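For reference, the chains in residue letters:
2 protein chains.
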Amino acid sequence: MDGMLLAELQSVVPGRVSTATETLDRYSRDQGPLLSPALPVAVVRARTVEDVQELLRWATRHGVPIVSRGAGSGVSGGAHATDGCVVLSLEDMNRIVAITPDDETAVVEPGVINGELNDAVAEHGLMYAPDPASYRWSTIGGNVATNAGGLRCAKYGVTRESVLALDVVLADGTLVSVGHRPFKGVAGYDLAALMTGSEGTLGVIVGITVRLRYLPHAVHTLAAFFEDFPKAAEGVLAIGRARVQPAILELLDGRTLEALDGAHGSELRRRGGALLLVQTDGYGAAAEADVIRAALTELGAVVNQEDSAEAEQLVDLRRHSRGDSVDDLYRVGEDVAVPKSRLVPYVAALEAMAQKHRVQLKVVAHAGDGNLHPTFWVDRSEGAQGLERLEEALDESVRSALEFGGTITGEHGVGQYKQRWLAWEQSTEVLDLQSGIKRLFDPLGILNPGKAIG
Amino acid sequence: MDGMLLAELQSVVPGRVSTATETLDRYSRDQGPLLSPALPVAVVRARTVEDVQELLRWATRHGVPIVSRGAGSGVSGGAHATDGCVVLSLEDMNRIVAITPDDETAVVEPGVINGELNDAVAEHGLMYAPDPASYRWSTIGGNVATNAGGLRCAKYGVTRESVLALDVVLADGTLVSVGHRPFKGVAGYDLAALMTGSEGTLGVIVGITVRLRYLPHAVHTLAAFFEDFPKAAEGVLAIGRARVQPAILELLDGRTLEALDGAHGSELRRRGGALLLVQTDGYGAAAEADVIRAALTELGAVVNQEDSAEAEQLVDLRRHSRGDSVDDLYRVGEDVAVPKSRLVPYVAALEAMAQKHRVQLKVVAHAGDGNLHPTFWVDRSEGAQGLERLEEALDESVRSALEFGGTITGEHGVGQYKQRWLAWEQSTEVLDLQSGIKRLFDPLGILNPGKAIG
Ligand SMILES: Cc1cc2nc3c(=O)[nH]c(=O)nc-3n(C[C@H](O)[C@H](O)[C@H](O)COP(=O)(O)OP(=O)(O)OC[C@H]3O[C@@H](n4cnc5c(N)ncnc54)[C@H](O)[C@@H]3O)c2cc1C
Ligand SMILES: Cc1cc2nc3c(=O)[nH]c(=O)nc-3n(C[C@H](O)[C@H](O)[C@H](O)COP(=O)(O)OP(=O)(O)OC[C@H]3O[C@@H](n4cnc5c(N)ncnc54)[C@H](O)[C@@H]3O)c2cc1C
Chain L
301 MDGMLLAELQ
311 SVVPGRVSTA
321 TETLDRYSRD
331 QGPLLSPALP
341 VAVVRARTVE
351 DVQELLRWAT
361 RHGVPIVSRG
371 AGSGVSGGAH
381 ATDGCVVLSL
391 EDMNRIVAIT
401 PDDETAVVEP
411 GVINGELNDA
421 VAEHGLMYAP
431 DPASYRWSTI
441 GGNVATNAGG
451 LRCAKYGVTR
461 ESVLALDVVL
471 ADGTLVSVGH
481 RPFKGVAGYD
491 LAALMTGSEG
501 TLGVIVGITV
511 RLRYLPHAVH
521 TLAAFFEDFP
531 KAAEGVLAIG
541 RARVQPAILE
551 LLDGRTLEAL
561 DGAHGSELRR
571 RGGALLLVQT
581 DGYGAAAEAD
591 VIRAALTELG
601 AVVNQEDSAE
611 AEQLVDLRRH
621 SRGDSVDDLY
631 RVGEDVAVPK
641 SRLVPYVAAL
651 EAMAQKHRVQ
661 LKVVAHAGDG
671 NLHPTFWVDR
681 SEGAQGLERL
691 EEALDESVRS
701 ALEFGGTITG
711 EHGVGQYKQR
721 WLAWEQSTEV
731 LDLQSGIKRL
741 FDPLGILNPG
751 KAIG
Chain Z
301 MDGMLLAELQ
311 SVVPGRVSTA
321 TETLDRYSRD
331 QGPLLSPALP
341 VAVVRARTVE
351 DVQELLRWAT
361 RHGVPIVSRG
371 AGSGVSGGAH
381 ATDGCVVLSL
391 EDMNRIVAIT
401 PDDETAVVEP
411 GVINGELNDA
421 VAEHGLMYAP
431 DPASYRWSTI
441 GGNVATNAGG
451 LRCAKYGVTR
461 ESVLALDVVL
471 ADGTLVSVGH
481 RPFKGVAGYD
491 LAALMTGSEG
501 TLGVIVGITV
511 RLRYLPHAVH
521 TLAAFFEDFP
531 KAAEGVLAIG
541 RARVQPAILE
551 LLDGRTLEAL
561 DGAHGSELRR
571 RGGALLLVQT
581 DGYGAAAEAD
591 VIRAALTELG
601 AVVNQEDSAE
611 AEQLVDLRRH
621 SRGDSVDDLY
631 RVGEDVAVPK
641 SRLVPYVAAL
651 EAMAQKHRVQ
661 LKVVAHAGDG
671 NLHPTFWVDR
681 SEGAQGLERL
691 EEALDESVRS
701 ALEFGGTITG
711 EHGVGQYKQR
721 WLAWEQSTEV
731 LDLQSGIKRL
741 FDPLGILNPG
751 KAIG
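Order-wise, the sequence lines are chains L and Z. Numbering of the first sequence is given in the working numbering, commencing with residue 301 and proceeding in unit increments. Numbering of the second sequence is given in the working numbering, commencing with residue 301 and proceeding in unit increments.
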């Protein structure tokens, strides 16, 4: 970058700018596969709303792209640097501004870590419900920008359902407030929902009012081992047919159990070809667990007899299971979702695809929401040939999810990596409307260009 | 209207057009106060998506405003006719297209009545959760277009939380599909949420995929009589502090009890100055009801000892309580919402305002969501003077709700009537963004002009 520009940047947000190579490198990517590596020209760690406004005014004056970034735990390349960009890190804006127990709301800066908000509100008998498996790492700002899901979203809804109001800095530095502080509000269009999931392409989220939920009175956890994966998927439908809503309903296939065994010395795989983890909560938790246990046992599952410490540990392992190996081009974790009833045929189709394309596959799923994370991989030593088969398997798995009435991304976002699939799901007219909205909010196209939309 | 135009309209949607004065009159307004009476030039009752597309192509060619209309149960004038408009009634597009019990979804045309969808899915142990008190009358299309709330939204969320995907005819007749059929999906911006609550100003909703919930295993209903209204509002906070989430939490003041007594021969008012109706549901319903009963009794409320038929009847009356008298300029029902903890001071402020401005007041509230429906009125015989005091009271009640961190409309929408308050809540920048979105979707401004946004 032009030295004058950089000097101006340093003068508008003094003390916040870093251009050390190490820093540029560290902030150049998130956890998603990297298609076109690029370094930012600078990293700005904002501490205040004014910092963000000053930075965006500067970026607007000079047409510099800005890539917002929370913890960088994203897996779609949404926070990957692009050519000539400045990465705006929100991680230092990490104050919990207010917790109002009687309103059951909290106001936070974007850099607050999900798990830390949960720790803070737990003292009041409250929780912030959306809990991505990255909750000890990812930020509320990043969660909102991706409309993150999580384990207990089966019952409590995804991030959008917990977002009441947002403070957003627009591309030109203007600060706006959207949404409403009471639980309900319908004045004008729902701009808070529009911002939620917009992956840093419409504005920078600098303040968030969230709705909190009650910490459950009781929790019961079941671990149900099934013969194979399709049978376990049938278990998901059986719970639905019993008309019981679990808080958590996670599905792990045999390869995932093997990976857990390898990492933790457990013997899960020996006990079954797939595992369904179910948590019920609230005053009805025990009764609900009984109904679910009966339904799954009838399907042939082996289920723990009562609330067990082991089952809770397994949920805990699941919360971290994605961390066992980071994705790269040879190993890609996906995020399709299908209507619930299609889980059974879809997992069968996935297994067939892995065979056909001779790629490795393991799957975990937020099964209550029909949201699957298949991870496909090939051995790095296979080089280009392996990569080709991997890409074919990935493409087919996405096409198949769409044929089943699904979506290319249930919770991780389009980012950079899923761009090639977007037009498979959305019509030209819809893509055009999205570009139109983008142009309205960001006429110069400086906010995270090349991400989220087509 | 120009005879040629009308003839062309009749030829593009043959058999659907009516210009009979009686029909024009009947379709000229909803249940909201009428500020500037106008008759439509024609009413089109569409039967198919193609009808809607043809109509909009015709409207685009000739720049004719289109006012979409479901059942006309709206109370903000959102479906009021405006000068030179054609009213597009969706009431004949009333097929339930599909119910998929294992997906827990249904696909409906916009004219399906809320209560009829609920009857149809109940056979499968399912419910469509958002239940405005108009549920036996209003349409799902209208519910989506207003993002309607309802009684059990306290637990299950408002309409937006049950909308998965929408088919929408845009201003130029293009048909688009937005949203996702699985429970989760984050591809691109959340256009389904943007359409939800857009009051017919961004497109015509012609198909709706909704998420269904489980019919509760059990329901317990409590009727808690309090000395006065502020005490009952404290009861709402007490339930929150007990960290129990009721499905329904409705608050009725003394004047509302009097109105119910008058209409139904009951003696509610004698039993207290305000009533809190609480319903818990699910496997924990009985235990939850016990906790709530204890909390309210401690506050001095008189609560039925166990699940009682009377309490259920009262919920039923409440579901219909708004119908006792239709609003007009002399009697206006409002729809503010405040953060939950502000309920107590806000209801006290409301009572003081009514006294100060010498206007009549009664209030019901979806109290679990902080959403209040104060109705202010003056005697018609007071003429202009009475009207002036009424307007002052209305304005003050809205300003006060905003001062308490609230919104001008929790669920009814801005429509035509609440236009004057919109800029009190939203900044110029936010109003401008909304106009920009409007222009993007509807460059000619033919979709329900003068409604919803500033
Ligand atoms: C082990 C592991 C488990 C995971 N589990 C889940 C899961 O269960 N559910 C799930 O949904 N995701 C999951 N993820 C993905 C990821 O954690 C989420 O997408 C998370 O919401 C990202 O938050 P972040 O703070 O890391 O954001 P980042 O990765 O830094 O950014 C994500 C996107 O948001 C934008 N952004 C970030 N902050 C802002 C802001 N303040 N304003 C505007 N735009 C902003 C970025 O530009 C980028 O496009 C997982 C990831 C890992 C590594
Ligand atoms: C007795 C009574 C009780 C009520 N209780 C509640 C309550 O508890 N909660 C609540 O939220 N509301 C309530 N309302 C208000 C009203 O019923 C709701 O706003 C309802 O959602 C309107 O539905 P409708 O089919 O009557 O729509 P209409 O009144 O016909 O239209 C409402 C708005 O939506 C637009 N619209 C309608 N259909 C479409 C479509 N297919 N595509 C695009 N735009 C469309 C119209 O242009 C208009 O702006 C109540 C009303 C009454 C009279």
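Since the hints were made in silico from the structure, they are not lab data. Keep in mind that a hint or two might mislead.
The list cannot tell twin chains apart, which means a pair is met if one copy fits it or any two copies do.
Taking lysine to aspartate or glutamate pairs in the DMTMM-like style, the calculated list, with each CA pair at most 25 angstroms apart, reads [to be verified]:
1) 455 / 419
2) 455 / 695
3) 531 / 402
4) 531 / 416
5) 531 / 419
Remember, predicted model here, so these are calculated numbers, not experimental data.
We went through each hint and held it up to the structure:
no., hint, in the structure
1, 455 / 419, "both (20 angstroms within a copy, 24 angstroms between copies)"
2, 455 / 695, "neither (31 angstroms within a copy, 39 angstroms between copies)"
3, 531 / 402, "between (45 angstroms within a copy, 16 angstroms between copies)"
4, 531 / 416, "neither (37 angstroms within a copy, 35 angstroms between copies)"
5, 531 / 419, "neither (37 angstroms within a copy, 32 angstroms between copies)"
Of the hints listed earlier, those the structure fails to meet are numbers 2, 4, 5, in rising order.
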